[in-house]
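Mapped onto UniProt numbering, the consecutive letters of the sequence shown carry residue numbers 1 to 61.
Source of the hints: derived by calculation from the structure; they are not laboratory data.
Note that the Cβ used here is the ideal one computed from N, Cα and C, for glycine as well.
Be aware that a few hints might be false.
[As the list claims (entries may be wrong)] Computed beta-carbon distance windows for the label pairs:
1) L52 with V14: 55 to 61 angstroms
2) C23 with Q51: 50 to 56 angstroms
3) E34 with E5: 31 to 37 angstroms
4) T24 with E45: 28 to 34 angstroms
5) E5 with A26: 43 to 49 angstroms
6) V38 with V10: 53 to 59 angstroms
7) V14 with E34: 26 to 32 angstroms
8) Q40 with V10: 42 to 48 angstroms
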Amino acid sequence: MAGGEAGSKVVRLVAFLGAGVICTSAINLWRDFERKKVTQQTAAEIAEKQQLGSMVKKAVE
């Protein structure tokens, strides 16, 4: 009986560690997704500002 209890404890430990790895991977993927989204938004804002700046220069000329 003692061997069965130790085995179930090991299985629970491995399952717990596996869940931790899966959650950590999901968190890292979410962070990468959010970082890419912010980078794209920033690039779009910079491009828009540059376009507006060139339009102002043309209007002044």
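Hints, verified against the model:
no., hint, in the structure
1, L52 with V14: 55 to 61 angstroms, "holds (57 angstroms)"
2, C23 with Q51: 50 to 56 angstroms, "violated (42 angstroms)"
3, E34 with E5: 31 to 37 angstroms, "violated (43 angstroms)"
4, T24 with E45: 28 to 34 angstroms, "holds (32 angstroms)"
5, E5 with A26: 43 to 49 angstroms, "violated (32 angstroms)"
6, V38 with V10: 53 to 59 angstroms, "violated (42 angstroms)"
7, V14 with E34: 26 to 32 angstroms, "holds (31 angstroms)"
8, Q40 with V10: 42 to 48 angstroms, "holds (45 angstroms)"
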